[in-house]
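Modelling step: build the complete structure from the supplied sequences, incorporating the hints.
Protein chains: 2
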Amino acid sequence: MKQSELFTKTLREAPKDEEAVNAQLLIRAGFINKTMAGSYSFLPLGLRVLNKIENAVRNEMNAIGGQEILMSMLHPKALWETTGGWNNIDVLFKVPSRTEKEYALAQSAEEAVTPLVLKHATTYKDLPLAVYQIHWKFRDELRAKSGILRGREFLMKDMYSFHETQADFDKFYAKAKKSYLKLYKSLGLTAKATEASGGAFSQKISYEFMVLTDAGEDDIFYCDKCEFCVNSEISKQNIGEKCQKCGKGVLHRAKASEVGNVFDLSDKYGKDFKLTFLDKNNERKHPIMGCYGVGVTRLMGVIVEKYHDEKGIIWPESVSPFKAHLLRLADPKSKAGKLADKIYAYLLADNIEVLYDERTVSAGQKFADADLIGIPWRLVVSEKTGAKIEVKARNSKKVNLMSYGSLRQIL
Amino acid sequence: MKQSELFTKTLREAPKDEEAVNAQLLIRAGFINKTMAGSYSFLPLGLRVLNKIENAVRNEMNAIGGQEILMSMLHPKALWETTGGWNNIDVLFKVPSRTEKEYALAQSAEEAVTPLVLKHATTYKDLPLAVYQIHWKFRDELRAKSGILRGREFLMKDMYSFHETQADFDKFYAKAKKSYLKLYKSLGLTAKATEASGGAFSQKISYEFMVLTDAGEDDIFYCDKCEFCVNSEISKQNIGEKCQKCGKGVLHRAKASEVGNVFDLSDKYGKDFKLTFLDKNNERKHPIMGCYGVGVTRLMGVIVEKYHDEKGIIWPESVSPFKAHLLRLADPKSKAGKLADKIYAYLLADNIEVLYDERTVSAGQKFADADLIGIPWRLVVSEKTGAKIEVKARNSKKVNLMSYGSLRQIL
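Chains A and B, in that order, give the protein sequences. Heads up: the first sequence begins at 377 in the working numbering, then just goes up one per residue. Heads up: the second sequence begins at 377 in the working numbering, then just goes up one per residue.
To be clear, the hints were calculated from the coordinates, so they are not data collected in a lab. Mixed in with the good hints, there may be bad ones.
Computed footprint of chain B on chain A; a stretch qualifies when at least three of its residues, placed anywhere within it, have a C-beta under 8 Å from a C-beta of chain B [said to hold, decoys possible]:
1) 405 to 415
2) 601 to 607
Below, a list of computed lysine-lysine pairs in the DSS-like style, where the Cα atoms sit at most 25 Å apart [as the list claims (entries may be wrong)]:
3) B:Lys385 with A:Lys661
4) B:Lys378 with A:Lys501
5) B:Lys378 with A:Lys453
6) B:Lys742 with A:Lys495
7) B:Lys378 with A:Lys470
As the structure is a computational prediction, the values presented were derived from the model and not from experiment. Ideal Cβ positions, reconstructed from N, Cα and C, are used throughout, including at glycine.
Next up, the structure:
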């Protein structure tokens, strides 16, 4: 894409009320726009990143047998009264209407998915099954100051699984956990599966997937030898103590950001809605359910928190809006200018996603914008580079002169 | 995809309160699920159709230079007060919050897009520009009885264009109109550009794109000789009269469904928000704006209203969830059963989207489901078909025995 055709520009300043580094950088670089605290719009560059994260999530969920759906966001009050959420979930937006009916705005979708799935899955032969959606959620947050880490509206993947038995649920959970860790790795993140409390309705332990980052809102204790990790709120041990799990390591404290979670819902929702399936013995049973969340917009924010420097964002290749940022630092009609056009055409023909900065602005502005936007490979063509291309990785200071052929070896 | 792996089943009956044919068929065939009147969830088959319509819309908008974005759905009250919408738009959902702030739920996005775009487009050099989103909207409908034709939440493509002059807007409008007619045609629909009133805020004539269908909520008068078409509400002529435009044809009345619209917003939103760009003479000017809508979920409903018979849906190929529906009417271990498996593998290898009904249910059930689901090509492999495949188009009664090679000529 030609940068002159992109309607967004880099901005000198983020809004004064914007405290979070992720939103400051994403706004200044033209990825997002702030409508108000907790609500952001995604601009062409930002939407490209969001789509990439979304597709990575989708591929992982499909790989473990999840079936994609899209559930309504407006729910009748009755569904949330049935489960107790109407009065107990403080972040639930309640929407009045002209017909004097009240609606809930989905902050999660157990209330919608349970009746939906059990209309179609009626016997044990239909189980296990897992459905998921990648859809917007709403939460009435008192404070929304973490940029896209914690929004009043946000994009989330929520999967729900339905099982005959607890054992079958446990098996699926292990599969989902593995798939989550693989997903985060593909996005350039290392996440720890952390024991946490079960939330509003469950006495059970749930798991949160945590990425260690100073911008994190959670405190975790983790073992420096084994995989053990626990939210500090429910830890029975203190930092400095020997890990109870492996008996070898020592517990450390860290700030972390939640990028996913999984809840064992047991048979709560089947019971609440009085919905059952027919088991092998021809008896009516409530399904054992699990819920598996991944914050998609939140992941975008966490990646920026983790990958940036004083000049701007440093996107991991897997989610970058483009793979290469080609800068033409020459008169369009000069030999170098024409070479830049040619390199752009080559990259397009080779299916390399490239943003081509062919604007008539200063070299300094182009370099500053490239650093702020943070595409992994910066390619410069100027009078000085002759028949070659000056190649620099965003996460390195090293600059190399390369032929197009050599460049293609690394892209 | 194997049909046994699809969690949805066809249902004998739609909910009793479901009056609309589109929703009745889509629910029974397992494309959608009703959360409540006006709010539906999209199940795997339905999501496939929605994605296809969405991509057709996206391609057309990209082709005329639209840049895709995704805007927040929660807006601060102040934005809608500035434009007068807070008190004047009766379908606007107003959402209270714990912080005592009130929010509007986007029913359209002029209020969000105007400040957003004019933050980046600051001079005449940045114009014209057009941004669009394919995103969910909310409307507080008093009655929501038309299935997915008129929902309380619905997926819509809304594009907004920004121009220096009225003349430049007119030029872009002509381009958009052409692109709309092309889009509808690609979806199997013939739409008429109909003159209508300008809506809540505009004195100007707007255009609605209407598909003639008995399920339509609008009355239109159209000329049987030329392209003239007008909403009956604002028509200055009556049916039976000679068309004032071409002077040759006669006006007829028809029921129609709106599948898109375009509004000339003039400089209203720039004025309301006191936002300007710098023109060629270095003077501050409000941009001339246009708004261009396409109802994406509505289109899905209109297609079903137009393309169905007493047995079920008849999808146009361009939006069908699958191109072919392969039915195995034989024991899996028999020769015919194994041939069906082989045909399925061939189709997958040839990148033909195919739903494979390999379930152990009766032939009658499989035929009935195939008719209800409405995939364009039904392929049957049974003991009777020998080495060949029985091929039937959903919109025809003719049945042909074909080799796989001949089948590939028509798929």
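Each hint, compared with the structure:
Counting residues of the region 405 to 415 of chain A whose beta-carbon sits less than 8 Å from any beta-carbon of chain B gives 6, enough to reach three: the coverage restraint holds. For the region 601 to 607 of chain A, the stated coverage by chain B is not satisfied: 0 residues place a CB nearer than 8 Å to a CB of that chain, which falls below the threshold of 3. For the hint pairing B:Lys385 with A:Lys661, the CA-to-CA distance comes to about 20 Å; that is within 25 Å, so the pair holds. For the given pair, B:Lys378 sits about 15 Å from A:Lys501 by alpha-carbon distance, which is consistent with the 25 Å threshold.
Taken as a hint, the B:Lys378 and A:Lys453 pair is broken in the structure, with Cα atoms around 37 Å apart against an allowance of 25 Å. Distance hint between B:Lys742 and A:Lys495 is fulfilled; the C-alpha atoms sit about 20 Å from each other, no more than 25 Å. Taking the CA atoms of B:Lys378 and A:Lys470, the gap is about 40 Å. The hint is violated against a cut of 25 Å.
The structure fails hints 2, 5 and 7 (numbered hints given earlier, in ascending order).
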